[in-house]
Amino acid sequence: MAATQQTRGRGGSADAKGSSRGGISLEMRMLLPVLLLLAVLSLFPFFYIVWMSLNTVSLISGVSFEWAGLTNWGRMFTDEIVGAAWLRGAIYFVATVGLEMVLGIAIALLVHELVWGKNLAISLILLPMFMAPVIVGLLGRFLTDSSYGLYSYVLQQTGLYQDDILGSSGSALVAVILMDVWEWTPLIALIVLAGLASVNQYVIEAAKVDGAGYWQRLRHIVLPSIAGVVLVALLIRSMDAIRYFDIITVTTNGGPGNTTKIIPLRLYETAFRFFDLGYAAAIGLGMLVFSILVATVFVQILQRRGLAR
Amino acid sequence: MSRPSGWLTRKEFLRLTGVSLAGASFPWLAGCGGGSGSSGASAGGGIWKQFSGMTLNFVSENTSPTSAIAANLQSFQELTGITINVLQLELQTLVQKIALDIGSGEGSYQIIYADPYQVLAPYHQALAELNEFNEDPDLPSVPKGLEDFIPTQLAAAGRFANEETLYALPYDCPTMIWMYRKDLFERYGDRMSQDLGFDPTPSAESTWEHYYQTARWFNDNVDEVPYGTGHQARQYDSLMCDFSNVLWAYGGDYFGQGEEVGTLGTADPGPSTLDEPQAVEAAAFYQKLLAIAHPGSTSWDWNTTDEAFRTGQMAMTPNWHEFAAVDQDPAESEIVGKIGYAPLPRGPARRANMWGGTGIGINKRAPIEEQKAAWLFLVWATSPETMLMGMKSDVGGGTPTRSSLYELPEVKKAMEPPSEMPNLLTYDAVSEAWKPENIGLRPKIQSWNECDTAIYTELSRMLADQKSPEQAMKTAKRYFDEAQARARTLASAPGQGGVA
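Protein sequence lines correspond, in order, to chains F and V. Position one of the first sequence corresponds to residue 1 (the numbering used here), numbered consecutively onward. Position one of the second sequence corresponds to residue 310 (the numbering used here), numbered consecutively onward.
Any given hint might turn out to be false.
Here chain V is said to cover these stretches of chain F; the calculated rule only asks that three of the stretch's residues, wherever they fall, bring their Cβ under 8 Å from a Cβ of chain V [said to hold, decoys possible]:
{"hint": "1", "segment": "50-63"}
{"hint": "2", "segment": "143-153"}
Derived, one-sided and incomplete: chain F residues facing chain V with beta-carbon distance under 8 Å [as the list claims (entries may be wrong)]:
{"hint": "3", "residue": "Phe-77"}
{"hint": "4", "residue": "Gly-167"}
{"hint": "5", "residue": "Ser-169"}
{"hint": "6", "residue": "Trp-182"}
{"hint": "7", "residue": "His-220"}
{"hint": "8", "residue": "Pro-224"}
{"hint": "9", "residue": "Gly-228"}
{"hint": "10", "residue": "Asn-258"}
{"hint": "11", "residue": "Glu-269"}
{"hint": "12", "residue": "Phe-275"}
FYI, nobody ran anything at the bench for these hints, they're computed from the structure. Don't be surprised by glycine CBs; every beta carbon is placed ideally from N, CA and C.
Isolated chain V, as found in the complex:
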């Protein structure tokens, strides 16, 4: 539908009138309109107060952004009169709760932390279509528009199988980068360069082979740290994340249509390509790398890997960038101020940095009024001002999923030490990692949980010397294909309403 330019739509009129009301009622909202000057989050008290008295449940993984949200819910309650109960769980328990809630048809959790792989892909049919709320004139729209979200993250965290339907708003964006002991690299850099024949300082030219040789050099020559590298290689999701960086760097992938399967996701990714030579080569390199890594690696997940890094157990590690906050906390870390950040090394094919972000969505099983109230929370929780508040929070806070925030002077200032928002110290590395050519997106398919288990189990068997890289990849491929076949059967069952 077209309209003459210069005319105000009903929605725009409501937005503009809302801005002035918001300025009077909620001073913290008044200044957050940003460049657009009209944002849902800045809209008037009337549309924000329409569900006053309602209580909603938000089920989330126990992450820093949610801890920050939970600690600052008072401002949302004052704005809307809505009470939010936050339930924070370990990821696996969270997925169970959501699946069982969806299965029961109860809609007890109106607001859902929609992990793209474990919730969004298998249960997207149970999530509300957010465009309807965003375009509803009686509801606030996303401040600064959807365009303000980093595009790859909006597609990966919010959509499934097509570019139109929106199921979740990008909420957090942990990404794997190369964390290293800057102090040790400075102290031993010259000696390493001489011995190794290349500059070991992490840079755009660094390769995984350099990484391996540097780690081995630390093992042999440095006493300050017991090992050169450490990895999150426990038989768990973390192992798949750690390996995927290498897999993609070597030109391998889980499925043939890698990019599409990772960004938007698909119901039918085709046969797995894990048995192809690039994947086998990546697995062989990963086995070689882990053979010289800290022996604790095979029992560490992401939390324990970071714990080992910040207690000085290794000189470098592929790590989630949001651990920067705790690594720079003197109460928790022995290496404050000694850490350098870089994108992960490149392989023969490219550089790949595993992205582990998530969106928040609305449970379609909840009554429509509750869904609308939940939308208010989504808009508030992903608004620039709430994300900024989260970064400053004493209880943690994440990293913004919105481009505009990175342009704020106080955010730019925090990118250099000393920083009040230590996650931003990683910005140069993560902004490089988020580029479409560098981001690593695992397959967004309905059977991902089963495929994920298959790959990390086979990798674990390979690391335990029970299988060769080739055998591990071949077996993983077989399990991937079997899991996909079962998912297709399930999706074609009567009453499932298709898969996309």
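The following block holds chain F by itself, in its conformation from the complex:
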């Protein structure tokens, strides 16, 4: 038995050495087919979209391309509707991600302190996250309907708000932001809870012994300990918020008066309503560049803190 294992071990070693010839390891050679497949699946659509963005694309006589050079790109940078959609998207992005981070961390800290019923509390808090965004939108539309919606009724009866929530410029944007916050704050809470579980309890105990209060422990021990996890949560939600689409489509369709039309809605409209696919490709690539920039910033912060490998 031992001899067999030895033989296998030697053989493995010899294979490994052999596989290094030419600079490609055995593992790499085994992974290569899948990597190539993934590359084809990712890179082909990417270059195809780049090509589309440089053409006028028509579907009328089958898919056909007519070279347009940088026309679509030039149009994107001068299109006032797209510019306004980016601006609204930025407001929306900061509001949703900001609120979700603050509320998610707060909820996680509260739940972490629970002595009993913690599992039940976590289960209840996580419920919204398991709903499809389109269902959240439909639920939100139902609850805010000015004829029979519960939220509308409460706001009207208390005299806090009389207009139609989704039909008025200011309240519509707030409403769709809150719907997203309602659905995705639990995700932040869950990630932060996982981070809190890994905080060194000995350090906490030592701080308590030294007389540090809750806020001091939170500021100097807990938050620095979970900073990496929070950044990861921030990265995940940011990537998601950039492509936020479902809830707005179901509730306001970008209205009223375009106040909730953020860039993914304009992209969808351009691609699948106007079928201006060349221009839509340029807008889509613009969103991709923005996503990469956001992700790069977060990854750099993580690296600077020594939290990313």
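Since the structure of chain F is already known, use the hints to place chain V on it.
Chain V alone, transformed into the frame defined by chain F:
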């Protein structure tokens, strides 16, 4: 080509022999020849069975007529041996599916719900020319001929840019009319007349200004309903439909050659006329009207507007006539038997009632045998007997696009309450609305989707007080012209085969 009168063509001979065969094989077909006595739908089993075993896909908007068709496909399958898979989708998703299918060249959906504005106008080149099938002696022709279709609807739903080529057969015909709470008008009519100085009961003399004043009176004086009027003014296609009634009534239009652009459609409608004074005046009135409407209006589309109407949220609304069926359903509505129907009010220029009908066409990308089989379905689905069956269907059903059906005794009887076909209760209003001088036809142009988005977005901005009526109309005009310029560029691109 001429022939001596009295001679039978080969096609007529086949039709006549077919009638007797059909009478023996399909009793439901035998009685539907109507006055002409020869109809394709009544033709013999041989030509109907020639594609037996084939399976076709019908992609349609999720409308009542299609629900009725889907519920009664068994009779088509027995007649032809063809299996039809019906895919019902929300309009926007439907348009995407069709566009992508056309682009792929696959022809996966052989039978297409060809919305005149979002499918027929931009993709008519991908639809088969139906006259070829209708004149093919080996295929059944349209029962009672094309003349039986209401002429304006045949042109609007079936043709593009010329009167010869036929791309679709009229299939449904929702039209916007004035729906109002008859009970409230009866109860408060005298008081309203005294206070307002005119008879508020909807009639041929009613104007949009009367409508506005009546709505305001309801707001101020009646407790049974929270508001006088409600509108489908969400930033969506529905807003364009609702506004267009007012636009046309005030003498405005989207393009200079309004009537032609609406009926047959055109590849080059010229510059938009939305910045002209009549259009601006219409927009100003619409803004004034919406200011007193139910506040939910700016978040309602056509479905939610009707939902609000049938749950007693307002006294009147411009509404699609085919909602009559659900409004008269005790399981769905709180106002059964309390609804009155009238054509929409008139404006300074005319009365206009938005028509939202659609045809069904055949995908030219499908193999020719499948196209022919799809023709059998088109003939069956638009035949008088199938339309009658649809009206009686438990799952909804539409309103016929054929004149002859309205002459049937059972259909005439259903125009008065109590009715087994509640959509027909609106007949007096819609028949008035369908008159050429009253019908409202939006532009049938290739860039309509973009123009539609531009107008309802600008209107929504106007209603949100972000823009004045003048600014909204001027901006919409600019977007219309830009969209048209892009459409022209695209149409002139090599390989597009022109635009008409």
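Against the structure, test the hints numbered earlier, and report the numbers of the ones violated in rising order.
3, 6, 7, 8 and 9
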